[in-house]
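Place chains Y and B on chain Z using the hints.
Protein chains in written order, with the working numbering: chain Z, 27 to 448; chain Y, 81 to 371; chain B, 4 to 270.
If you are wondering where the hints come from, they were derived from the structure by calculation, not from laboratory data. This structure is a prediction, so every number in the text was calculated from the model and none was measured. The C-beta atom is built at its ideal place from N, Cα and C for all residues, glycine as well. Mixed in with the good hints, there may be bad ones.
So, partial list: chain B residues that the calculated Cβ filter (under 8 Å) puts toward chain Y [claimed, not checked]:
| # | residue |
| --- | --- |
| 1 | L14 |
| 2 | L19 |
| 3 | T21 |
| 4 | W27 |
| 5 | W44 |
| 6 | F100 |
| 7 | M115 |
| 8 | A141 |
| 9 | I149 |
| 10 | N202 |
| 11 | L227 |
| 12 | V249 |
| 13 | L259 |
Chain residues, written in single-letter form:
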Amino acid sequence: MRALLVVLALVLSACSSGGGDGKTTIVFWDNNGGPGRTPIYEELIKRFETANPDIDVEYVGIPSSSVQQKYDTAIAGGSTPDVGGVTTSYLAHLVGQEALAPLDERIDGSALKGKLLPSLVETVRQTAPDGKLYSVPSSGNLDVIWYRTDWFTQAGITPPKTWDELVAAAEKLTDPSANRYGYTIRGGAGSVFQLLTEAYSYSGVTEFFSGGKSTVGDPRNAELVGKVAALYRKATPEADVNNSYTQMVAQFTGGSVAMMHHNLGSWGDVTKALGDRVAALPLPVGPSGKRTVVPNPTDGFAVFKNSENQDAAWKFVEFLTSKESNSYWNEKVGQIPANTDVRDAGWIASNQPVKMALGVLEDPATVTVPAPVYLPQYSSITKTDSEPQYQKVLLGDLAPQAFLDEMATKLTAAQKEWEERK
Amino acid sequence: MRTKRWAPYALIAPTLVLMAVFLVYPIASVVHYSLQRYNVTQPWKNGFIGLENFRFMLTEDPLFWQSLAFSAKWVVVEVGLQLLLGLVLALIVNETFIGRGVARAMVFSPWAVSGVLTTGIWILLYNPSTGIFQELARWGIGDPGTSVLGDPATVFPATVVTELWRGVPFFAILLLADLQSIPNDLYEAAAVDGAGRWRRFISVTLPHLKDAIILSTLLRAVWEFNNVDLIYTLTGGGPANQTTTLPLYVARKAVDSHDFGYGSALTVAGFVILLFFSILYLRLSKFGSRA
Amino acid sequence: MSRVLRLHVPLGLYLLFTLVPFYWMLVFALRPTGSTALVPWPITFEHFDTVWNGIGFGTFFYNSMVIALGVLVFVSILSLMGGYALARFKFRGQRLFLVALLCTQFIPGAMMLIPLFVIFREAGLLNSLTGLIVADVAFQLPLALILMSGFVRNIPVELEEAAMVDGCTRLRAFFAVMLPQLKPALVAVGSFAFIGAWNNFLFALMFASRQDKFTLPVGLSYALGEFNTDFGALAAGGVVAAVPVVLVFAVVQRFLVQGLSAGAVKG
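With the rest of the complex left out, here is chain Z (with noise of 0.2 Å):
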């Protein structure tokens, strides 16, 4: 009985929390929490209760394999944040749930108009279908391939400019006897989203939908799928066809891969295994040589239609997107800022993933083709649904063209349901 009585004075105090000194609290929650980015929202939030004493910021940090079940869960719950970061994946289904505010007129009210990344805004804007910006970017984000410099140049190797040299270094530097292998495939959670990139990228073509019907099925995309799978095994590990990123990375830092695609979003981790012997490229074209590529989904920070202090909420969102916390984000992060006065920031000279992802997105020959993250039904199309049919690729039990040829069937019917809605 004792026991009982300590654990229920235990639990008591353990519940009281104080509050009412007159302060505004706002809760923030992180999108993406852990040891890689908790301390360096710590640092911001020291920095903006400091500038702004009468607010108070409660960090939540989600980890990012919850994070839409959490904020589905709290949406129909209603008990929403007042801020939180979000990426445009999922960005539709926030705004589909209303519950987000639009944050237009706050931004052409404030020290942002202007200064964020024209092609970020236009990337988040698209998602919502009335065509109002319910994120302010933070960050850009690119697909690269990481490498091993180190071993191209024992090799005396060139990093490759075209899918094909992609897959003739990536045979060259195989060796399973050494357990070294060129290539890692992500076959795992996450698998087609970074393949439709490579597909675009050696297709060259530069429209997800031409008439209202989905290129996805173009013959040259199955040719890329056709290549990256003809890797598999040969020029990469077995383990790749059930690859998640968690699994793909540690292949790659761990030493047993030569190149490995994801984005900038991996450099922390990539760098902190490698140091100076890795490095980014971008991903690789075909044969016409164009330069196509599939926007990375992009990060920034909602203000929740439901929190009553929105107007503390957009302070906070407003001085994190601020060039010198954007400045300071970013390079901690590695990637690419969205405020435009950052450009000339002193770290992005030395941080090459991320100046050689600017010289693309700035390179005039650059033809961007974003994904249709605005349809309701993209992420049940392309990841529930093709994702499993993708290994029977891998596997060899199913045709690249038959594979996709099913997803572009399902995305044209989900596009003509949105443009009838529309």
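Below, chains Y and B alone, put in the same frame as chain Z:
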């Protein structure tokens, strides 16, 4: 025995209240959603659709049947092996030997490890570049780069072994606790009758453990049926849906695709199946009847 | 010789199976990132620093401990009551109650999140350790109660009857005779409840939206995120999460043995 009629009800009252508040309403809401089209990404389509989800599930969704079949295989293999190994382990650590306390603490310890951590540890262990198979290959056993989770031939046994690691102690602890309550005189009587070790096991130990075995296998079967995290994190249900269980399919539908209506219908199907088999199992095993 | 084959060989093999994964975790926790040494030397504590000071495992640890202890106490008491009722009485609705208990285990927690969330909000239980204790008790109790009824049933009813003939009330007879017999059962059921609560991930993440109310499994999942994969931190966090439970286990498992000798069976 003097028995007050209200006594059992008073004893189960707190449990009933908790169940009513925290379980009945949520379960009812799952049933409710199973009759709706409910998808947060397309709220304009939401609404009552009767049994349409079930019609689609039974007639047009091969993945439902495939995942159900794999669930059955998973439950039978896992529970069977866990019971067998758990029983052997319980008998071993029930013997008297030096260091028994330490040995018990060690063999039981994986049960204390969370699902998130179990998968974390085994991801490290199975990893083809930093895992155990790479280490073994260095000593000349097997090939470098062996990936048990990537090879369709080994992904199932590899996942089974991981769950065994954590699941066997559950049975071992439970059965050991029950072994402790077998009165010694029963064994002594059997020994006087000239029964050998094996006979004593069959005629004394097993009958005594019967109820514990029935209950633990049933609970464990239900638990393994609904076990999502481990397979989800280790294999994601792949390759090519080969390791997708029904609840994993539910998670992909309801959580990843936000199709809560269809996910609820799948859940209801799982519920009915488990209910049917549980009652059947309790009937057939004559639970609670003493020999 | 036969004892070696029967006892030591299988035990040794099983110990190997149990301990190698733990060792793997320990090695990752103690060696620097990028190292592949099988013996972590020199030892580094950087990963422990990351999880304890950088991610806040100190707070998570405290929360997990409070929740698990609370669940342990309530589940033990309630399962003892209910298990006794199921095993020793015949009452109307008994089978129905047993099946209802089982039914609660039939639905994955993930499907009940939204309705549970609404209940929690209405009851003011969001963002509190009390709320998480209540939720965990509700979900652990059915299993514990069923197990406990099996244990009670295995204790000869004659023991109790004898005490009651001696003039004890049923309640006194329970405390004097049954409770000592049920010690191993309480250890088993109690540890299951403790561990179930200690390891609950989903409820802790969904029903708490404050950093200072999160628990160890939430902390662990931080180290597995996209852009945040940190095996050293994962392993170090794992050591922090696993060591206390393993130690507690090592201590209480002694009581698994005591039921027999303390009881009235022999005397």
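To see whether the hints hold, each was checked on the structure:
1. L14: At about 5 Å, which falls below the 8 Å cut-off, the nearest Cβ of chain Y leaves the hint on B/L14 intact, so it holds.
2. L19: violated (11 Å)
3. T21: holds (5 Å)
4. W27: Cβ of B/W27 sits 5 Å from chain Y, so the hint holds.
5. W44: Given a least distance of 16 Å, the restraint on B/W44 is violated.
6. F100: holds (6 Å)
7. M115: Result: holds, 4 Å to nearest chain Y Cβ.
8. A141: Given a least distance of 4 Å, the restraint on B/A141 holds.
9. I149: With Cβ-Cβ at 6 Å, under 8 Å, it holds.
10. N202: holds (3 Å)
11. L227: Because about 7 Å separates B/L227 from the closest Cβ in chain Y, which is inside the 8 Å limit, the hint holds.
12. V249: holds (4 Å)
13. L259: holds (6 Å)
The structure shown violates the earlier hints numbered 2, 5.
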